[in-house]
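**Q** Single-letter residue listing:
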Amino acid sequence: MLGKLAVRNVKRSAKDYVIYFITVVLAFSFLFAFNLLGSSSEVLELSDVMNNFAIVMHVVNIFILFVVCFLINYTIKFMFSKRSLEFGTYLLLGIKKKQISNLFTLENVLLGLLTLPLAIFVGYILSLLMSFIITGLFELESIVHITFSIEAVLLLFVYFAFIYVFVLFLARRRIRKVKIYDLLYLEKKNEEKQFRKNKVRNVSFFVSLGLGILAMALFFQEFHRLGVDPSMATVLFCIVLIIFSIYGVVITLADFLLKVVLKNKKLKYQKDYLFLARTFSSKVKTMSFTLGTISVLITFTLIALNLSSLFKAMFDYQLELSAPYDISVTEIDENEIPLYLDFIKEHYTIEEEFVYHGYTESNRNVSKVLGELGGWREYDQVVKLSDYNKLLELKGDKPLQLEQDEYLIHATREFEDILTNTSSIQEIILPNDEVLKLKDVVTDGYTYAWGTGYGFLLVVPDDAVEGLAVESTNLIVDTKEETTEEFAKVFERLLVPDICEEEDDGYTVCYSLANVTVRGNVEATNNGFITIVSFVCFYIAFIFISVVGTILAIQGLSDSSKYKYRYQVLSKLGVKESELDKTIFRQLFVFFLFPVIYPIIISFFTVFSLNHLFQFVLTTDTVYILYYFINLFVFLLIYIIYFLTTYFGFKRNIGDSQGGGFFAR
Amino acid sequence: MSVLKLENVKKYYGVKNNITKAVDGISFQVDEGEFVAIMGASGSGKTTLLNCISTIDNVTSGHIYVGREDITEIKEDDMADFRRENLGFIFQDFNLLDTLSIEENISLSLIINHTDVNEMDKRVLDIASKLGISDVLKKFPYEVSGGQKQRCACARALITHPKLILADEPTGALDSKSSRMLLETMRDMNEHLGATILMVTHDTFSASFCKRVLFLKDGKIFNEILRGDKSRKEFFDEIIDVLTLLGGDTENVR
Ligand SMILES: Nc1ncnc2c1ncn2[C@@H]1O[C@H](COP(=O)(O)OP(=O)(O)O)[C@@H](O)[C@H]1O
Ligand SMILES: [Mg+2]
Numbered sequence: 051m052l053g054k055l056a057v058r059n060v061k062r063s064a065k066d067y068v069i070y071f072i073t074v075v076l077a078f079s080f081l082f083a084f085n086l087l088g089s090s091s092e093v094l095e096l097s098d099v100m101n102n103f104a105i106v107m108h109v110v111n112i113f114i115l116f117v118v119c120f121l122i123n124y125t126i127k128f129m130f131s132k133r134s135l136e137f138g139t140y141l142l143l144g145i146k147k148k149q150i151s152n153l154f155t156l157e158n159v160l161l162g163l164l165t166l167p168l169a170i171f172v173g174y175i176l177s178l179l180m181s182f183i184i185t186g187l188f189e190l191e192s193i194v195h196i197t198f199s200i201e202a203v204l205l206l207f208v209y210f211a212f213i214y215v216f217v218l219f220l221a222r223r224r225i226r227k228v229k230i231y232d233l234l235y236l237e238k239k240n241e242e243k244q245f246r247k248n249k250v251r252n253v254s255f256f257v258s259l260g261l262g263i264l265a266m267a268l269f270f271q272e273f274h275r276l277g278v279d280p281s282m283a284t285v286l287f288c289i290v291l292i293i294f295s296i297y298g299v300v301i302t303l304a305d306f307l308l309k310v311v312l313k314n315k316k317l318k319y320q321k322d323y324l325f326l327a328r329t330f331s332s333k334v335k336t337m338s339f340t341l342g343t344i345s346v347l348i349t350f351t352l353i354a355l356n357l358s359s360l361f362k363a364m365f366d367y368q369l370e371l372s373a374p375y376d377i378s379v380t381e382i383d384e385n386e387i388p389l390y391l392d393f394i395k396e397h398y399t400i401e402e403e404f405v406y407h408g409y410t411e412s413n414r415n416v417s418k419v420l421g422e423l424g425g426w427r428e429y430d431q432v433v434k435l436s437d438y439n440k441l442l443e444l445k446g447d448k449p450l451q452l453e454q455d456e457y458l459i460h461a462t463r464e465f466e467d468i469l470t471n472t473s474s475i476q477e478i479i480l481p482n483d484e485v486l487k488l489k490d491v492v493t494d495g496y497t498y499a500w501g502t503g504y505g506f507l508l509v510v511p512d513d514a515v516e517g518l519a520v521e522s523t524n525l526i527v528d529t530k531e532e533t534t535e536e537f538a539k540v541f542e543r544l545l546v547p548d549i550c551e552e553e554d555d556g557y558t559v560c561y562s563l564a565n566v567t568v569r570g571n572v573e574a575t576n577n578g579f580i581t582i583v584s585f586v587c588f589y590i591a592f593i594f595i596s597v598v599g600t601i602l603a604i605q606g607l608s609d610s611s612k613y614k615y616r617y618q619v620l621s622k623l624g625v626k627e628s629e630l631d632k633t634i635f636r637q638l639f640v641f642f643l644f645p646v647i648y649p650i651i652i653s654f655f656t657v658f659s660l661n662h663l664f665q666f667v668l669t670t671d672t673v674y675i676l677y678y679f680i681n682l683f684v685f686l687l688i689y690i691i692y693f694l695t696t697y698f699g700f701k702r703n704i705g706d707s708q709g710g711g712f713f714a715r
Numbered sequence: 015m016s017v018l019k020l021e022n023v024k025k026y027y028g029v030k031n032n033i034t035k036a037v038d039g040i041s042f043q044v045d046e047g048e049f050v051a052i053m054g055a056s057g058s059g060k061t062t063l064l065n066c067i068s069t070i071d072n073v074t075s076g077h078i079y080v081g082r083e084d085i086t087e088i089k090e091d092d093m094a095d096f097r098r099e100n101l102g103f104i105f106q107d108f109n110l111l112d113t114l115s116i117e118e119n120i121s122l123s124l125i126i127n128h129t130d131v132n133e134m135d136k137r138v139l140d141i142a143s144k145l146g147i148s149d150v151l152k153k154f155p156y157e158v159s160g161g162q163k164q165r166c167a168c169a170r171a172l173i174t175h176p177k178l179i180l181a182d183e184p185t186g187a188l189d190s191k192s193s194r195m196l197l198e199t200m201r202d203m204n205e206h207l208g209a210t211i212l213m214v215t216h217d218t219f220s221a222s223f224c225k226r227v228l229f230l231k232d233g234k235i236f237n238e239i240l241r242g243d244k245s246r247k248e249f250f251d252e253i254i255d256v257l258t259l260l261g262g263d264t265e266n267v268r
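Chains as they are written, first to last, in our numbering: chain B, 51 to 715; chain A, 15 to 268.
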């Protein structure tokens with residue numbers, strides 16, 4: 051009989067908690083999909099960096115595991131409270147707590163077990179989708195194969211067992227401790243007023259807001275100091291402050307707003323504001339802590355999404371910054387050039403090869419200006435205009451013109467401010483007594499392939515280098531085919547060691563002065579990082595949004611049975627259905643909107659501060675705003691799906707004429 | 015022999031300077047085969063008293079005996095068994111489980127007791143025909159009327175042959191016709207099936223069906239009247255007289 055009862059209750063729950071069910075299936079699917087990816091040898095062999103992928107994924111999975119645990123625990127607690135009268139009746143009829151506990155456990159295990167096969171199926175499909183994305187990211191010719199691994203299935207079982215054993219242990223303990231009186235009478239036990247005194251509430255609100263502002267200010271301070279690494283302790287401190295601030299603001303804000311509406315007569319009697327404010331405020335009071343958690347999760351989601359974009363943009367920029375050419379070798383020994391070229395020809399078709407010289411400018415006109423910022427240099431590096439134009443052309447950029455008495459500085463964006471604002475370099479004298487006027491400081495398109503460790507380059511008219519010492523010979527090769535990570539490894543071995551040093555432990559380590567950059571190698575490393583960072587961030591973001599959406603949906607829908615009667619009365623009183631719809635819409639809208647407002651503000655300022663860290667490695671220093679809004683849009687898109695589902699579910703439940711509506715069989 | 019016996023039962027709510035004496039030193043006794051009503055205005059402590067007797071709530075002090083057993087001393091673990099074997103409940107809001115059919119609702123406690131299936135069917139059919147709900151047995155609670163639901167609740171309370179049936183405002187959610195039918199049913203349960211019933215009500219009409227009425231005021235027993243050989247009409251008038259004496263808002267809803 052217990053079994054029969056359990057199956058029936060599951061059937062009923064399955065209908066009431068469709069959204070929850072879907073979210074749990076999705077969460078388990080993702081856990082499974084990432085297990086599959088992490089155990090796929092083909093994925094791991096894509097790049098050296100991808101070895102970290104599996105490790106990172108396992109760590110993230112454990113993190114996600116806790117969030118899923120939170121969701122399942124929350125929902126089970128919620129289901130239990132919704133059915134407290136039913137369980138109280140069981141107790142009255144003489145069913146033992148132990149039996150009730152077993153019934154409830156059985157129900158949840160059944161419900162959970164239903165999700166597993168679905169999760170494995172959906173997860174496998176997801177992993178295939180991800181393999182397409184990876185194939186695209188790495189620009190591979192054939193699709194990465196994901197094999198269905200039994201280990202991943204077993205791992206999923208372990209996760210599942212962990213979550214359910216833990217959550218059901220908590221549930222059973224709750225049942226053991228609960229009093230029959232509470233089950234029968236105190237359904238609304240948690241609707242107690244939290245702040246007896248308005249003053250306490252007002253003070254808490256402003257203190258919480260203050261904490262948030264303090265955290266943002268500290269955060270900004272920490273990141274906008276140039277060249278100094280942010281201290282981990284301060285950052286952690288800020289995160290803790292922010293979390294406190296979010297909880298505080300969310301818990302107090304609703305009550306605060308209600309008071310504002312009540313005080314203002316004009317607002318109070320306008321439209322259905324009073325009704326909305328009252329229902330909303332009572333709702334927030336019963337679940338203020340949960341709403342705080344939801345806001346924290348939303349904040350993390352928005353930050354995670356933005357971090358992912360910033361990293362992706364950074365890596366894209368980095369690729370152009372360090373490897374715009376297929377192969378480049380700086381400070382090469384002139385005699386070895388044919389050797390290198392022959393080796394390259396064995397692997398690729400050479401489209402174009404280009405050798406150019408760097409000249410020394412020992413007056414250090416620019417280095418002096420940069421001082422500490424640029425690091426110590428014995429001389430500035432100079433190139434001829436014709437070589438420079440060829441370098442630009444090979445990169446796909448337009449050539450530049452210089453008058454006979456002009457020179458140009460091409461530098462990284464970090465140096466832009468200081469170089470444009472220094473008068474001493476407006477006119478410089480080269481060691482060969484040429485006097486040149488500064489035409490411009492260019493920062494776009496600078497690349498480290500023009501000489502490692504410099505960060506800037508002087509471009510002078512071809513004649514002006516006469517008499518300057520040749521500092522380096524550099525080779526640039528444009529190949530027809532895409533270069534690869536493997537090629538880079540063998541190619542590097544070709545370098546002839548120039549300097550050998552004996553280490554303390556007796557080993558001899560040899561270096562080569564020459565420096566090789568192979569685009570394919572950098573690309574593979576970048577793609578590895580991008581894959582890891584964006585997969586991890588999107589994964590976290592998606593699960594968080596789902597968890598948040600589910601909790602709000604469950605809460606929103608649970609009210610529909612309560613409001614059913616109220617709305618029936620209203621409609622009998624002649625209120626039009628379209629107006630009722632509007633009120634429902636507004637009510638749920640406010641409920642969904644409330645927990646995102648503060649996170650949007652917080653996350654924007656966080657990203658604003660983080661941008662100081664990233665701006666030099668991004669195409670422009672305001673591009674983060676664009677990313678922010680794109681990410682916000684992505685977030686809202688998923689969030690709105692949850693909102694609309696809740697809205698239509700709510701309407702259906704209220705319109706449902708049969709029996710107990712939402713909680714009917 | 016007494017089925018229920020209360021000795022100086024007290025139930026206080028709240029702490030220190032803010033104490034509500036919901037039940038304040040009540041003693042009385044219910045004998046086998048009695049049909050007793052407890053009347054009182056809203057807030058007089060009726061529900062609290064009933065909760066203490068039904069082991070839903072525990073007393074602050076005093077003793078409550080059901081049969082020979084002192085229920086204030088029973089351990090939590092044994093409570094379920096005790097309730098199942100000795101008590102039947104009828105609530106204002108029915109408390110039927112909507113996942114179970116009417117038949118299954120009635121037989122739930124027998125199922126837990128592992129009663130033989132044939133015996134169980136016999137008992138369900140028997141009680142259902144006596145209460146006039148034979149033809150709705152296969153339906154679900156939301157498919158039947160309020161009166162039928164309440165009679166189903168009666169059947170559920172009766173089927174284990176409990177020593178004592180406790181009812182809290184059983185007619186509270188019914189219209190007057192259904193109320194009357196239910197009260198007649200309860201009287202029959204008492205007179206023909208030998209059920210001992212203790213009913214809490216604020217409604218004179220309901221109380222007039224009983225054999226004895228206890229009046230409660232501010233947590234104390236104020237008065238007690240017996241029906242004896244009086245007609246229901248005479249008894250009804252007598253109750254009204256006592257209530258007038260009691261004063262206050264007797265006609266208020268709970
Ligand atoms: N859980 C409780 N906590 C505090 N006071 C209570 C509680 N339950 C009831 N009371 C108080 O005890 C008194 C009796 O209540 P109750 O037994 O419900 O009265 P009745 O059922 O006769 O209307 C009332 O004053 C009520 O406010
Ligand atoms: Mg009461």
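By construction, these hints were calculated from the structure, which means they are not laboratory data. Careful, some of the hints might be misleading.
List of simulated lysine to any residue pairs, SDA-like, C-alpha gap at most 20 Å [claimed, not checked]:
{"hint": "1", "chain 1": "B", "residue 1": "K146", "chain 2": "A", "residue 2": "G28"}
{"hint": "2", "chain 1": "B", "residue 1": "K614", "chain 2": "B", "residue 2": "E484"}
{"hint": "3", "chain 1": "A", "residue 1": "K19", "chain 2": "A", "residue 2": "K225"}
{"hint": "4", "chain 1": "B", "residue 1": "K313", "chain 2": "B", "residue 2": "F404"}
{"hint": "5", "chain 1": "A", "residue 1": "K89", "chain 2": "B", "residue 2": "K614"}
{"hint": "6", "chain 1": "B", "residue 1": "K229", "chain 2": "A", "residue 2": "K225"}
{"hint": "7", "chain 1": "B", "residue 1": "K132", "chain 2": "A", "residue 2": "D112"}
{"hint": "8", "chain 1": "B", "residue 1": "K434", "chain 2": "B", "residue 2": "D366"}
Listed next, with one range per pair, are the computed distances between beta-carbon atoms [claimed, not checked]:
{"hint": "9", "chain 1": "B", "residue 1": "F219", "chain 2": "A", "residue 2": "S143", "range": "19 to 25 Å"}
{"hint": "10", "chain 1": "A", "residue 1": "Y27", "chain 2": "B", "residue 2": "K622", "range": "50 to 56 Å"}
{"hint": "11", "chain 1": "A", "residue 1": "K244", "chain 2": "B", "residue 2": "V625", "range": "48 to 54 Å"}
{"hint": "12", "chain 1": "A", "residue 1": "T86", "chain 2": "B", "residue 2": "E627", "range": "33 to 39 Å"}
{"hint": "13", "chain 1": "A", "residue 1": "K231", "chain 2": "B", "residue 2": "G260", "range": "36 to 42 Å"}
{"hint": "14", "chain 1": "A", "residue 1": "T86", "chain 2": "B", "residue 2": "K309", "range": "54 to 60 Å"}
Anything over 12 Å on all C-beta distances counts as not near chain A; from chain B, calculated [to be verified]:
{"hint": "15", "residue": "Y67"}
{"hint": "16", "residue": "L135"}
{"hint": "17", "residue": "Y140"}
{"hint": "18", "residue": "I175"}
{"hint": "19", "residue": "Y231"}
{"hint": "20", "residue": "L233"}
{"hint": "21", "residue": "L234"}
{"hint": "22", "residue": "Y235"}
{"hint": "23", "residue": "P388"}
{"hint": "24", "residue": "Q431"}
{"hint": "25", "residue": "A519"}
{"hint": "26", "residue": "F666"}
Quick reminder that beta carbons are idealized off the backbone N, C-alpha and C, glycines included.
**Q** Hint by hint, say whether it matches the structure.
**A** Hints and how they fare:
Taken as a hint, the B/K146 and A/G28 pair is broken in the structure, with Cα atoms around 29 Å apart against an allowance of 20 Å. This hinted pair does not check out: B/K614 and B/E484 have alpha carbons roughly 89 Å apart, beyond 20 Å. Restraint check for A/K19 and A/K225: satisfied, since their Cα atoms lie roughly 17 Å apart, inside the 20 Å limit. Taking the CA atoms of B/K313 and B/F404, the gap is about 77 Å. The hint is violated against a cut of 20 Å.
Proposed proximity of A/K89 and B/K614 is contradicted: the alpha carbons are some 42 Å apart, above 20 Å. Pair hint B/K229 plus A/K225 does not hold up; C-alpha atoms about 34 Å apart against a cutoff of 20 Å. Simply put, B/K132 and A/D112 have alpha-carbon atoms about 14 Å apart, close enough for the 20 Å limit, and the pair holds. Straight-line distance between C-alpha atoms of B/K434 and B/D366 comes to about 29 Å, which puts the hinted pair past the 20 Å bound.
Under the hint 19 to 25 Å, the C-beta atoms of B/F219 and A/S143, about 47 Å apart, miss the expected range. In this structure the hint that A/Y27 and B/K622 lie 50 to 56 Å apart at CB is violated, the actual value being about 39 Å. The supplied range of 48 to 54 Å is met by A/K244 and B/V625, whose beta-carbon atoms lie about 52 Å from each other. Distance hint check for A/T86 and B/E627: the Cβ-Cβ separation is about 55 Å, which falls outside the suggested range of 33 to 39 Å.
Between A/K231 and B/G260 the C-beta distance comes to about 55 Å, which lies outside the given range of 36 to 42 Å. Distance hint check for A/T86 and B/K309: the Cβ-Cβ separation is about 47 Å, which falls outside the suggested range of 54 to 60 Å. Annotated as non-interface, B/Y67 keeps its C-beta farther than 12 Å from every C-beta of chain A; the closest such distance is 15 Å. Listed as a non-interface residue, B/L135 fails to keep its Cβ farther than 12 Å from every Cβ of chain A; the least gap is roughly 7 Å.
Distance check for B/Y140 against chain A: the nearest CB is about 8 Å away, which does not clear 12 Å, and the non-interface claim fails. With a closest Cβ-Cβ approach of about 34 Å to chain A, B/I175 is found to remain outside the 12 Å limit, as its non-interface label requires. The claim that B/Y231 is not at the interface with chain A is violated, since a C-beta of that chain comes within 12 Å of its own (minimum 5 Å). Not every CB of chain A is more than 12 Å from the CB of B/L233 (nearest about 9 Å), against its label as outside the interface.
For B/L234, the requirement that its beta carbon stay farther than 12 Å from each beta carbon of chain A is not met, with the minimum near 6 Å. With 12 Å as the threshold on Cβ separation, the claim that B/Y235 sits away from chain A is violated: the shortest Cβ distance comes to roughly 8 Å. Even its closest Cβ contact with chain A, about 86 Å, leaves B/P388 beyond 12 Å, as expected for a residue assigned away from the interface. A cut-off of 12 Å between C-beta atoms confirms that B/Q431 is not in contact with chain A; the least separation is 82 Å.
Consistency note on B/A519: stated as away from chain A, and its beta-carbon is indeed over 12 Å from all of that chain's, at 92 Å minimum. Every Cβ of chain A is farther than 12 Å from the Cβ of B/F666; the closest lies at roughly 64 Å, confirming the non-interface assignment.
Checked against the numbered hints above, the structure violates hints 1, 2, 4, 5, 6, 8, 9, 10, 12, 13, 14, 16, 17, 19, 20, 21, 22; every other hint is satisfied.
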